[in-house]
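> Protein sequence lines, in the order shown, are assigned to chains B and P.
Under our numbering, think of the first position of the first sequence as 1, with each following residue one higher.
Under our numbering, think of the first position of the second sequence as 1, with each following residue one higher.
Careful: at least some of the hints might be erroneous.
What the hints assert, rightly or not - Restricting the straight-line Cα-Cα distance to at most 30 Å, the calculated cross-link-like pairs of lysine-lysine (DSSO-like) are:
#1 P:K71 <-> P:K3
#2 P:K3 <-> B:K57
#3 P:K3 <-> B:K59
Quick caveat, the hints were computed from the structure, so don't treat them as lab data.
None of these values were measured; they are calculated from a predicted model.
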Amino acid sequence: TQLLEQSPQFLSIQEGENLTVYCNSSSVFSSLQWYRQEPGEGPVLLVTVVTGGEVKKLKRLTFQFGDARKDSSLHITAAQPGDTGLYLCAGGSGNQFYFGTGTSLTVIP
Amino acid sequence: DVKVTQSSRYLVKRTGEKVFLECVQDMDHENMFWYRQDPGLGLRLIYFSYDVKMKEKGDIPEGYSVSREKKERFSLILESASTNQTSMYLCASSVWGGYTFGSGTRLTVV
Numbered sequence: 001t002q003l004l005e006q007s008p009q010f011l012s013i014q015e016g017e018n019l020t021v022y023c024n025s026s027s028v029f030s031s032l033q034w035y036r037q038e039p040g041e042g043p044v045l046l047v048t049v050v051t052g053g054e055v056k057k058l059k060r061l062t063f064q065f066g067d068a069r070k071d072s073s074l075h076i077t078a079a080q081p082g083d084t085g086l087y088l089c090a091g092g093s094g095n096q097f098y099f100g101t102g103t104s105l106t107v108i109p
Numbered sequence: 001d002v003k004v005t006q007s008s009r010y011l012v013k014r015t016g017e018k019v020f021l022e023c024v025q026d027m028d029h030e031n032m033f034w035y036r037q038d039p040g041l042g043l044r045l046i047y048f049s050y051d052v053k054m055k056e057k058g059d060i061p062e063g064y065s066v067s068r069e070k071k072e073r074f075s076l077i078l079e080s081a082s083t084n085q086t087s088m089y090l091c092a093s094s095v096w097g098g099y100t101f102g103s104g105t106r107l108t109v110v
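Given the sequences, and given the hints that come with them, work out the whole structure.
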């Protein structure tokens, strides 16, 4: 059973454009994480959000946790080729997390 | 720099072989996990461990076993490799708040 749905599945944009990817679930999570994975490598943690409505910024990346703690979004401003990768969300509680299938982002120079 | 190290980046094994995938972390983390990653299916949890000599089944444990004799080492064992176990295998360790993943082992079973 896939607890977390990510959309879109694939996204290809030009350098400099803005984009938003989404992570949705019917389950409530105590925290939610976002990871970026480059080809041939393991995922790397970008951020953890724990409070409903929480917004965190990491340079050009803005992460938001939904008020009901069931969904999250990642917004990238002025995308760069270095942002290319697979973006994964993971929701859970305590020490165990469930992963979405990811959004594969390609930023074209 | 903290690290999770997986012993092999690429492996090719024959059907029926017993396969060992090794994972070592240097962060003194209690929790360690094994996932497999397949296109369209995302990361699926195979086994996890919260302490030495402790193991718990994840969502897809069939055909796998694990060993955690020391805190820093978590091994995944494919008892008799099959072609449907061809996949990317990811090891991770954690304390509360996030996983640190290894670089993965791409296993091909022929």
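> Decide, hint by hint, whether the structure agrees.
Each hint tested on the structure:
1. P:K71 <-> P:K3: Holds, at about 14 Å.
2. P:K3 <-> B:K57: Status holds; Cα separation ~25 Å.
3. P:K3 <-> B:K59: 24 Å, holds
When each numbered hint is compared with the structure, no violation occurs for any of them.
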